[in-house]
Amino acid sequence: MNKLEPYVIKHEDFHALKEMTSIGERVQWIRKKANEMNPALFTRYRVAEKSNLSQSTIKRIEENEVTNPQRKKLEGIAAYLRIPVEAFFDDFYVGETKSFIICEPEDESIKEIDLEGVSYVVELTALTKSIMANTNEVTFEDKVELTALDYEEFIDDLTTLVEKVKKRRQTWELKRNAYNRLKGVNDEND
Numbered sequence: 001m002n003k004l005e006p007y008v009i010k011h012e013d014f015h016a017l018k019e020m021t022s023i024g025e026r027v028q029w030i031r032k033k034a035n036e037m038n039p040a041l042f043t044r045y046r047v048a049e050k051s052n053l054s055q056s057t058i059k060r061i062e063e064n065e066v067t068n069p070q071r072k073k074l075e076g077i078a079a080y081l082r083i084p085v086e087a088f089f090d091d092f093y094v095g096e097t098k099s100f101i102i103c104e105p106e107d108e109s110i111k112e113i114d115l116e117g118v119s120y121v122v123e124l125t126a127l128t129k130s131i132m133a134n135t136n137e138v139t140f141e142d143k144v145e146l147t148a149l150d151y152e153e154f155i156d157d158l159t160t161l162v163e164k165v166k167k168r169r170q171t172w173e174l175k176r177n178a179y180n181r182l183k184g185v186n187d188e189n190d
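Under the working numbering, residues 1 to 190 are what the sequence shown spells out, in order.
Take these hints with a grain of salt, some might be off.
Below, simulated DSS-like cross-link-like pairs (lysine-lysine); rule was C-alpha separation at most 25 Å, straight line [stated by the list, open to error]:
{"hint": "1", "residue 1": "10", "residue 2": "98"}
{"hint": "2", "residue 1": "73", "residue 2": "129"}
{"hint": "3", "residue 1": "175", "residue 2": "143"}
{"hint": "4", "residue 1": "73", "residue 2": "18"}
{"hint": "5", "residue 1": "59", "residue 2": "33"}
{"hint": "6", "residue 1": "3", "residue 2": "33"}
{"hint": "7", "residue 1": "18", "residue 2": "3"}
Between beta-carbon pairs, the in silico distance windows are [stated by the list, open to error]:
{"hint": "8", "residue 1": "66", "residue 2": "120", "range": "15 to 25 Å"}
{"hint": "9", "residue 1": "21", "residue 2": "99", "range": "14 to 24 Å"}
{"hint": "10", "residue 1": "127", "residue 2": "168", "range": "52 to 62 Å"}
{"hint": "11", "residue 1": "40", "residue 2": "157", "range": "49 to 59 Å"}
Please keep in mind that the hints were generated in silico from the structure rather than gathered at the bench. Being a predicted model, the structure only gives us computed values, none of them experimental. All C-beta atoms, glycine included, are put in the ideal place defined by N, C-alpha and C.
Sequences and hints are given; from them, build the entire structure.
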């Protein structure tokens with residue numbers, strides 16, 4: 001199916017659907033909203049065709065000639081409209097306001113991931129810059145292949161290493177300052 005224009009049910013839409021007295025009214029309202037957002041894709045004819053029902057069945061449901069349609073038929077309609085089938089039933093509208101999307105986009109980003117296969121290649125390069133000699137030197141260069149499971153842990157380890165080096169420098173600075181203060185105290189006593 002082509003990419004559809006979704007419609008997020010608003011607070012007032014929810015209450016309008018809640019006030020409807022039949023499944024057929026909700027089916028018709030939702031179908032018409034889908035067709036408004038995606039012209040010609042959600043006519044009675046198209047919905048019937050895509051949900052393996054007859055056009056007259058859709059018409060009879062929407063016009064309340066069938067007051068208690070079979071759940072399987074409603075599931076077919078809901079699947080084509082990309083909504084939860086529960087949105088057709090009164091129970092869905094009991095309690096607090098809920099939201100749903102008509103023509104909800106399929107998540108194209110979800111793919112099966114091989115957790116044990118290589119998913120990432122990290123190229124590491126440590127460029128050392130000497131402040132005193134004003135030179136640059138590559139002191140470390142390596143390539144690491146990581147699985148999806150390894151990746152996050154690797155990044156955490158790398159971050160921890162960098163933080164450890166920074167902390168070590170601060171610790172040595174504190175120790176040197178303490179040493180210099182002690183040395184200064186001892187020098188004065190001599």
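For each hint, the structure was consulted:
With a CA separation close to 9 Å, the supplied pair residue 10 and residue 98 stays within the 25 Å bound. Distance restraint check for residue 73 and residue 129: the Cα-Cα separation of roughly 70 Å exceeds the 25 Å cut-off, and the hinted pair is therefore not satisfied. As the CA atoms of residue 175 and residue 143 are separated by approximately 37 Å, the hinted pair breaks the 25 Å bound. Restraint check for residue 73 and residue 18: satisfied, since their Cα atoms lie roughly 21 Å apart, inside the 25 Å limit.
With a C-alpha separation of about 16 Å, the suggested pair residue 59 and residue 33 falls inside the 25 Å cut-off, and the hint holds. For the proposed pair residue 3 and residue 33, the alpha carbon gap of about 16 Å is at most 25 Å, so the pair holds. Between residue 18 and residue 3 the alpha-carbon distance is near 29 Å, which puts this suggested pair outside the 25 Å criterion. The hint said 15 to 25 Å for the Cβ distance between residue 66 and residue 120, and at roughly 54 Å that hint is violated.
For residue 21 paired with residue 99, a C-beta distance near 22 Å keeps the hint of 14 to 24 Å intact. Range check, residue 127 to residue 168: Cβ separation about 20 Å, and the 52 to 62 Å hint is violated. In this structure the supplied range 49 to 59 Å holds for residue 40 paired with residue 157, their Cβ-Cβ distance being about 55 Å.
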